[in-house]
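Peer 1: Based on the sequences and whatever the hints tell you, model everything.
Number of protein chains: 2
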Amino acid sequence: MDKVHLQNNVFSYFNRLGDEIDWKRLSTPIEVHLTAKSEYLFQQGESAERLYFLHSGLVRYVSVSGEGKEFTQTFAKGPRIIGSTRSMVTRSPVLFGIQALEDSIITSYDWGEFYQQMRRDNAFLECYSHFLEEIFILKEERENTFVKDSAERRYLDFCVAFPDLKERIPQQYIASYIGITPVALSRIRQKLKLKNRL
Amino acid sequence: MDKVHLQNNVFSYFNRLGDEIDWKRLSTPIEVHLTAKSEYLFQQGESAERLYFLHSGLVRYVSVSGEGKEFTQTFAKGPRIIGSTRSMVTRSPVLFGIQALEDSIITSYDWGEFYQQMRRDNAFLECYSHFLEEIFILKEERENTFVKDSAERRYLDFCVAFPDLKERIPQQYIASYIGITPVALSRIRQKLKLKNRL
DNA sequence: TGAGGGAGTTAACCTAGGTTAATTTCATTT
DNA sequence: AAATGAAATTAACCTAGGTTAACTCCCTCA
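Line by line, the protein sequences give chains U and C.
UniProt numbering applies: residue 1 is where the first sequence begins, and numbers increase by one.
UniProt numbering applies: residue 1 is where the second sequence begins, and numbers increase by one.
Hints may be right or wrong, so weigh each one.
Remember, identical chains collapse to one label, so a pair may be satisfied in a single copy or spanning two.
[What the hints assert, rightly or not] Straight line, CA to CA, 30 Å or less: simulated DSSO-like cross-link-like pairs of lysine-lysine:
| id | residue 1 | residue 2 |
| --- | --- | --- |
| 1 | Lys-166 | Lys-148 |
| 2 | Lys-166 | Lys-193 |
| 3 | Lys-148 | Lys-191 |
| 4 | Lys-37 | Lys-166 |
| 5 | Lys-37 | Lys-148 |
| 6 | Lys-166 | Lys-195 |
| 7 | Lys-3 | Lys-69 |
| 8 | Lys-193 | Lys-77 |
| 9 | Lys-77 | Lys-24 |
| 10 | Lys-69 | Lys-148 |
| 11 | Lys-77 | Lys-3 |
| 12 | Lys-148 | Lys-77 |
| 13 | Lys-148 | Lys-24 |
| 14 | Lys-77 | Lys-166 |
| 15 | Lys-69 | Lys-191 |
| 16 | Lys-37 | Lys-77 |
In case anyone wonders, no lab produced these hints; they're calculated from the structure.
Peer 2: Below you can see the structure in the form of structure tokens.
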């Protein structure tokens, strides 16, 4: 599990989105983070101007409201880029923390350096914009779901979108992902159970 | 108001995000749309794989739920890029229509051709990714607002985010932007009025 | 073995916002 | 000036989900 090997994982992930990236440009050092279950990679409010890559494991993005209520923005399973685009780009504190739900292997680069070194590489930029397109589309879908759908519908959608996660993570996190309390989710599940009995 | 002039508007808008774009690459023809107040540039469900630019005027993005309820995703004032990133990128039907709230001058390019012609230009790609970063960040903020804030809070935020629009557009569209019914918005405004009397 | 302690369930009550419908206000057309 | 009609307000009633709290399962750890 050396750094070279991990770095190659990251490269091949990027290469899947658009090939011929000239990785020789990249000299900024990779950093390794081993984040154990329930620990935080970084906390809300810190500055996390790094490009993180989740090699293996499972995390959630959690943000806490002024009144202290937790809200799960999303879940992410490796292998996958993670982190806060907003914080990287605007050089401002992150609006959410990243918590490991299972032991996770994560690496990171300083985004400022990474971007400066790679931004003249056309293949990289194209790949970066495809990544942005993708996360934008997901956010747009999520916006729609909150406005148009009931909590019950959102729960059913969650079960389709993350079929394996339903068993793997505590129910309260699912509730906070669909934007309701654990109590309300329990009620909904109860109702669904009765409905399917008929 | 000839096409050359309009095209220059679009170019200089892009150039503000990142200069030195080589516009000589671009040969796909620009198209002009004059969309009168309350008319649609395109309707939900159509294919709108074009890069639109709103030169002047005001529009809203409207999507209609299965039950026939309207929801306003956002408002856009010219000059600004408009359209559906999702539809452009995934070549799928748009999930919302664009309706003019005031007479608007809009131009468009076929996105497939535009992108093919410009994608080798580093300055353009960089500028495109900055655009994507920006719209992603806005969506993320909007996601947060729906989960964490009350409708009253969202209304107050709207008034700050679009100070001029409060007077310019019908209240029902504001309601549908913050995700509530016109009746509920009216109630909230009433409550705020009383509160500020004290 | 048994004593926490967190996660989920259930029930009772509360509240924000939805629904329907009546009323008013204002803008446009004739 | 009258007539139409859409937009906003208000009131009465309803419902989804929040809040609090009691109760039950585990699971862990001593």
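Peer 1: Of all the hints numbered above, which does this structure not satisfy? Sort the numbers upward.
Peer 2: 7 and 13
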